Amino acid sequence: MGKIKKAFSSNMEVTRLLVIMFCWLVFVGIMQGKKFYSFNNFLTMSGQFPEYGLMVLGGMLPMITGGIDLSLVGTANFTSIICVYSAIGLFGAQGSMPIAFTLVFFLLAMLIGTAVGCLNAFLVSKLNVPPILATLGVNELMLGLSIVITGGAAVSDFPKEYCDFFSSNIFGIIPWRVVVFIIMAVVIWFLLEKTTYGTKIRLYGTNSHVATFSGLNTTALLFKTYIISSICAGFGGLMMLATYSSARADYGSNYTMQAILIMVLGGVSPNGGKGKVSGAITAIILLKFIESGINRFRSVSTYYVTLIWGVVLLIALVLDYMSAKPKKVKSSPAAKSAV
Amino acid sequence: MKKRITRLLHSNEPYIFMIIIFLGVLVQIRSGQFFTGNNIVDLLSALIVPGLFALGEFMSLISGGIDVSFPALASLSTYAATKILLDTNYQGNVLLAFVIAMAIGALLGAINGFFVGYLNLNSMIVTLGTSSIFQGIMQGALRANQLSVIPSGMSSFGTTAFISATNKTNGLTSILPYTFLVLIVACVFMFVLLKYTIFGRGIYAIGGNSQSAHAAGFNVKRSKFIMFIIIGMIASAAGVCRTCMMQQMHPTNMLGMEMNIIAGVVLGGVALAGGAGTLTGCILGTFLIVMVQNSMILLGIPTTWSDVFVGAVIVIGVAVSAIQANRKGRIKTSRIINHQKEAA
Amino acid sequence: MKDEKLLLKAEHISISFGNVHALKDVSLAIKPGEIHCLAGENGCGKSTIIKIISGVYQRDSGTIEFDGKTISKITPIDAINLGIQVIYQDFSLFSNLSVAENLALNTEVASGNKFVKWKNVNKIAEEAISKINLNIDLETRVRSLSVAQKQMVAICRALMFNAKLIIMDEPTTALTRKEVDALFEIILKLKKQGIAILFISHKLNEVFEISDRFTIFRNGELVVSGDTKDLDDKKFTYYMTGREFENKTFIPENISKAPIFELKHFSKENAFSDINIQLNGGEILGITGLLDSGRTELALAMFGISPATSGEIIRNGKKVTLKNPREAIENKIAYVPEDRLSEGLFLPRSIADNIIISEIDRLTDKGKFNQNKRNDEVQHWVKEMEVKTDNPENPTTTLSGGNQQKVVLAKWLATKPEVLILNGPTVGVDIGSKHDIHLILQKLANQGMGIIIISDDLPEIIQNCSKVAVIKSGKIVNEYDAQSLDESTIINAMM
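Chains as they are written, first to last, in the working numbering: chain A, 1 to 339; chain B, 1 to 344; chain C, 1 to 495.
Each statement offered as a hint is correct.
In silico lysine-lysine, DSSO-like type, Cα no more than 27 Å apart, as pairs: (1) A:Lys194 x C:Lys366; (2) B:Lys221 x C:Lys51; (3) C:Lys475 x C:Lys332.
The hints are simulated quantities; they were obtained by calculation from the structure and are not laboratory data.
Quantities reported herein were computed from a predicted structural model and do not represent experimental measurements.
Here chain A stands alone, though its shape is the one from the complex (with noise of 0.2 Å):
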């Protein structure tokens, strides 16, 4: 028993989505019953999230360093417009691709995502550039250069095997875009869990003046924290290119906002120094409960969910600052005065 309690103390994060993501299946359980709880639904609310789910898994990283990476929106478009356009160059509009293309693709998308994360760390680790506003500068040129290639409109005359292939399950059951996700996720938490990255990002994060001090080498920590973020980004992108089946330079423009509400719910401090894994997929997890648990109310409107997101959102802050309030100071007017 004490060992469970000591793993729900040493993961707040994860406990406080906990207690809301059951309470709210409690409501939807009783409200929709077997409509919500079939496996049908489950693979339909598995469907959705692997998008913004691989930019929370990349985002996360920057964010435990006290940064933030602002670029991953513009770098997802900037390289499915990249994949699609090697596609039509090489195969025609009209072509057809060999299945095997789609490892160029993600080949694309890590070189795409090893440049824009190298132009990040860049100007954050050697021009001391904050972070929020070097990203942001990046977005804009990436959103840029992808309106110049692409005219500003979408994309869809290409060879579709891709996203066929992509939005297809495997086995027949687990969508395709899911298992990437997944495979990320395991890739991403055996980055900070089991190697000493995790450990010495966690520090930079925590103090980076006492992280050079330590003898850390901060250039390169920072280099591959911005170029997984990117490649994980550039994913991202790959999987809203299987999903829409067309590649645009502005889609997802609010998933950026998104990633960072579900980083920080999840547990990622704003100040750096922490985040698991565990508590982004919870994050996930919970949101994807309460979008789908209110698209099944007919009556009530998808836009709902943005609403009860930015609530969620600030309950757990009120939760946070509930339970951190430090021992207050007594200040209890002298009782006995003479002595």
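Add chains B and C to chain A, keeping to what the hints say.
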């Protein structure tokens, strides 16, 4: 006087100003159209809404926090106000639109103010959440759709010329609508507020060191609360101005502006960490971004390149700013060893 | 004592926070116009009694009389109105505002006005600085001032409210010798004006130099109060720690044949020039100088944090370039920094994380982080350094200053250095831990390590070093063998 000049050289504002002039000259050379009354009026017109948003964000940054909810706040309050006036078939002066929108804005700002001020939560995260909530209310509860028709009072306010300028070359007339006065009034208000009121100095003090501000007697919680109410009101005014000028109210097209506004304010020398920055810098930085966005045509660059250029300006701007700051500060060895942290 | 009129009479004061009895039945008496020093180790309660006197905390029991009046409950504003002013270590100034604003802000806020009259602000500010004849530009932003100037501004602010008692918390920590002299002059001036000063310090020489009477706390209890003229070194140490210490002087036993660390014509613009040093294994070299002598810049250059502009670093006869701390560590050089709170420790992180972070790459197993190796290392060092904690996964904030410093030392020893540089190794450390750390350093030296101690604590230098170099204005002006040393010789060389 010499001290004034030295202080000036160390700050950002003169450099931004020079960059603006330099770019202006560049555009003038390329197109011959930059320094025309017509173009200046267009630029000033484009500055109105971002400028108002920037003023609010400026105050937030000074206090040490970032507010990302203002576009959603403005959209909601403006939508609600416009809808109310439309539904009641209002025929009167635009003033009522401002009053209603700003009242709603004050309420919405108070929500931000409660969480950030009284509960002392991280301002960027809270406003991220409230931004979602405001959007959700607008698109969910109010089922907002584009309002293609707006009350006549509003539309005439947004289209009546305060100043107009005609281009001799191509005969085009540009007008600066009366909404520009709203920007002027807001600037004056912000200037007086931050420089001449105790409340305003308190915002600077809080941004500098909120514990010391508390010790000095400032009611930090209440100040932040009131600050967010003011920001909500200014943002709402911006929303009304935009609706008046565009003659329609689209619920979502202001969303997403927050980052560029923040970038503009920071480019103007306002520190992200809080406590430092001037109004002049704020407006200059915002103007720079507006200028880049609106000068594409004159440079013969297709508007699709607009974002690339804005992005480049931001990246280069903050990089230069950071390099400059690095040169000034070396690694300072901490000489004060804070025993306070160790003592019981 | 009983028949003299006292300014402050606090008797039988107790206060607890939860289960912690911060103060147990302590008393403090201050005469008007007296300079009184309150000393004690960290955690002894001296900050707590100040906060009680100044109204930040409310005492649980005991009496306070100030200027003849009995005080029952007191808020910070009450304290100010009574004439009690506290100057904390961080001065509580606004670095982003001007000197004038800093001085006038409290008055302006207290006046209840909504609008700021800048003429008024300047008037108030000018009046304030005239009280101690401070020469400073009122428009300057406080962040551009030196520490000493900031302190002067803080004192001016304290004087604005008819202060009768000014409490200063460790005021000399960041001051150079000259600045300390200037401060003491001001304090004497204030004394002449009839203002009493309560001065918190743990530096014996200051107690002797400036105070009339002293009080010592230990573990929340009053140990002794008395006249400074009755105090001496040994008594002071005994009162502070309750123990008598045999201070062991370092005698090198194991000096290597060749130097393991040398600096040749080591220079850095605007910091230090032409530094030449030779350190053999088994030696402890002391480098001492005033705060602005360049000693810290030299330390940072030796470790690669702000590299020198010319000259050579030689390790075991081979020249090396150190562009960053990592390269220094690769060359088996370690550096215990000046300020453990902002340079040495990841404060909110665990003791364990702090210990292993600099050697973390060694704790891997085919790329994976080996938790067993990690935990072994942690156990080893906690035991070796005698860090007082019941769980090394606790954050370092749960440790006392001395134990925190031991963690920093452990972290660096874990990198198995051959050259260990320490900057102010026992600042803010209780006498017990200080003693322990000195013994550890001497033991390490006798095991063959070359150690450089940079410090302005002369007894520490004389006791622990086999040779001493004095640095002044960026140059080494004198070198001494430990045998031929006494404090006055060094002081003369430093000034």
